[in-house]
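A.B. asks: For the protein sequence lines, the chains are E and A, in the order given. So for the first sequence, my numbering puts the first residue at 263; every next one is plus one. So for the second sequence, my numbering puts the first residue at 263; every next one is plus one.
The hints are simulated quantities; they were obtained by calculation from the structure and are not laboratory data. Worth double-checking, as some hints may not be accurate.
The list cannot tell twin chains apart, which means a pair is met if one copy fits it or any two copies do.
[As the list claims (entries may be wrong)] For lysine to aspartate or glutamate, the following EDC-like pairs were computed, each having C-alpha atoms within a straight-line distance of at most 16 Å: (1) K368 with D353; (2) K307 with D398; (3) K300 with E589; (4) K569 with D393; (5) K440 with D423; (6) K297 with E589; (7) K569 with D398; (8) K368 with D418; (9) K300 with D398; (10) K458 with D575; (11) K297 with E431.
There are 2 protein chains.
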Amino acid sequence: MTKKVTITDLAKRANVSVTTVSQILNGKDDRFSEKTVKKVHQLQKEMGYVPDFNAQSLIRRSGRTIGVLVPNINNPFFSHFLRGIESVAMDNGYIPLIFGSNNNQKLESYYLFESIRRAADGMIIASAISDVSYIDNILNQNGIPYLLTDQAPVADGDQVDVNNYHGGELLANYLIQKGHQRVTVVTDQHPTLNLKQRLTGFLDVFRSHGLSIADEQIVETELTKLGGYHATKQALVHNPTAIFALNDEIAIGLYRGIHEAGLRIPDDISIVGYDDIDLTEYVTPTLTTIHQPSFEMGESAAKLILKRIQDRDRPFQSVSLPIELVERESVKNINS
Amino acid sequence: MTKKVTITDLAKRANVSVTTVSQILNGKDDRFSEKTVKKVHQLQKEMGYVPDFNAQSLIRRSGRTIGVLVPNINNPFFSHFLRGIESVAMDNGYIPLIFGSNNNQKLESYYLFESIRRAADGMIIASAISDVSYIDNILNQNGIPYLLTDQAPVADGDQVDVNNYHGGELLANYLIQKGHQRVTVVTDQHPTLNLKQRLTGFLDVFRSHGLSIADEQIVETELTKLGGYHATKQALVHNPTAIFALNDEIAIGLYRGIHEAGLRIPDDISIVGYDDIDLTEYVTPTLTTIHQPSFEMGESAAKLILKRIQDRDRPFQSVSLPIELVERESVKNINS
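If we strip away everything but chain E, and leave its shape as in the complex, we get (with noise of 0.2 Å):
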């Protein structure tokens, strides 16, 4: 086996000092000749020379990572979030360390230790499963800056904001002008906090035009595609003219099942989703849904998790970021 290219090697090959190496390599290059310079960054490039890491942040005790923990990254919602850290981290010579925890509790708690066993520098915690306040003891202990979305922190904190209430309300005041009052909404079994907000502002939308939607109109899946797919028999027992999908994800799985239950969308039923993944343009018809800025919101995460590590000792900041009801095809008015 070849062994990892060392510092003393590329000196010796260089003809220079150890010293002198680090220094070029360190960016202290002025008091150097051109040549050597020159000389060293060419060998460091054909020698395939690296410096070690972990010596480096054993030193520094940062490891310059982020920890990352989403439930699902096969979630397009996700994927966005994730690139989005990923851009921001990659600018500021951090890497995210990133975990999907498929919605197991007992994947994500290990993963979180994984995060702390390997120096992260803080987290950002996106649809935890887990206690907040268990991870909020483990994280503190360890003395971790952390950033939480779709999940109430324990204490103040940074925040990473959408307005998940006014969403709801969007797409109720959309429904009940396009003449529909019989919906049935199909969400989560174990909802997060944002999908309960939601929930409450598209309820309380309804309940204020005095319609109002029985807990049997509400039906509990599990937030993926095939979720949405098992869950059409029961979606459609109460006739309604329209669904609510707490995300995109289900009302692709509602889709294929209205499909197959013989019904056309809009003509039929319509439907409505949430987040606006790029699918939703591709599928036949449209989907109408709310947009969120997966992308800015893992962007925005990322800037407020480093300016935390740079300075635990700053004001707690809140970026919200704007959601916007994108009209497409899967809807149909009904008013006569």
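Place chain A on chain E using the hints.
C.D. replies: Just chain A, lined up with the frame of chain E:
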């Protein structure tokens, strides 16, 4: 700021020596009383003590990390592939360092160096854009074993193989059997080896039936939904009866473009894809495609690289995974 809980803190609280704590937490607990062992574990949980990983990994010169580089974590094929890697890694006490290069060569190179800096024990690189000998050079010089998928390796090495040539053959035979002779292919502008093999298998079968597919019937685009959508117009120029999309994402993009062109699938035009991402079962009509065992491919890649990390001198191993054609609704039998 709270400081990271140390082993000394824990020992003090447990009223035992640091050595005792260390041995108990390393599983050497048979020399201590049950009460002591229980107390130490209990306090570890309560205090959130996590052993310092960088110190450990400096001693072992191992980060118990597998660097994983994929072009696009938004493609469900790769997110399943990653979950396969994750599952094997976790069972073996490793974690994957996941990097998405977004098909950007500079980013790919950056992440390659980051993996080395962070003492990755091995790497799995899927669909690399960079020159393979460049990758080989950097990783070899740093003594890091790696496994490539979708590209030919520079020298002999471990392999996870699916027979892409055969996949192309299966699709061609299927289309010909359904009466399709005028076919357009939509592929990547810079195809990796696996895509080239798919295409060659496909073209060879057509040629063996005395049917030729001219160069202008091969449309180049990006391997994404948007790429497929943009390619639609050109794909329809020669008035094909069927289109072979080199991956399912392209096929989904074509679905939209074809719908907007006022044509129906499969009545007016048939489509086949490649990968069998979960979406293929949800679109209407469901997509006929080649099933790739993406999760198992990730598992096999992780198993092979872990074996290689543990024994550099073991004989090279090649794992071949089966593919199959999944017949759904997107191809019409046009034999009269």
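A.B. asks: For each hint, tell me whether it holds in the structure or not.
C.D. replies: Consistency of the hints with the structure:
Proximity of K368 to D353 under the C-alpha cut-off of 16 Å is restricted to the inter-copy arrangement: shortest distance 13 Å between copies versus 32 Å within a copy. Proximity of K307 and D398 under a CA criterion of 16 Å is satisfied inter-copy only: 13 Å between copies versus 43 Å inside one chain copy. Taking identical chains as interchangeable, the C-alpha atoms of K300 and E589 are never at most 16 Å apart, the minima being 57 Å within one chain and 59 Å between chains. Proximity of K569 to D393 under the C-alpha cut-off of 16 Å is found in neither arrangement, the shortest distances being 26 Å within a copy and 37 Å between copies.
With identical chains, the CA atoms of K440 and D423 are never at most 16 Å apart, being 29 Å at best within one copy and 53 Å at best between copies. In this assembly of identical chains, the alpha carbons of K297 and E589 never lie at most 16 Å apart, being 62 Å within a copy and 64 Å across copies at closest. For the identical chains of this complex, K569 and D398 are neighbours neither inside a copy (19 Å) nor across copies (37 Å), given an alpha-carbon limit of 16 Å. Within a single copy, K368 and D418 get their C-alpha atoms no closer than 26 Å, and across copies no closer than 39 Å, so neither meets the 16 Å cut-off.
Proximity of K300 to D398 under the C-alpha cut-off of 16 Å is found in neither arrangement, the shortest distances being 49 Å within a copy and 24 Å between copies. Taking the shortest Cα distances, K458 and D575 never come within 16 Å of each other, neither inside one copy (32 Å) nor across copies (55 Å). Taking the closest pair of Cα atoms, K297 and E431 never come within 16 Å of each other, the shortest separation being 66 Å inside a single copy and 57 Å across copies.
When each numbered hint is compared with the structure, violations occur for hints 3, 4, 5, 6, 7, 8, 9, 10, 11.
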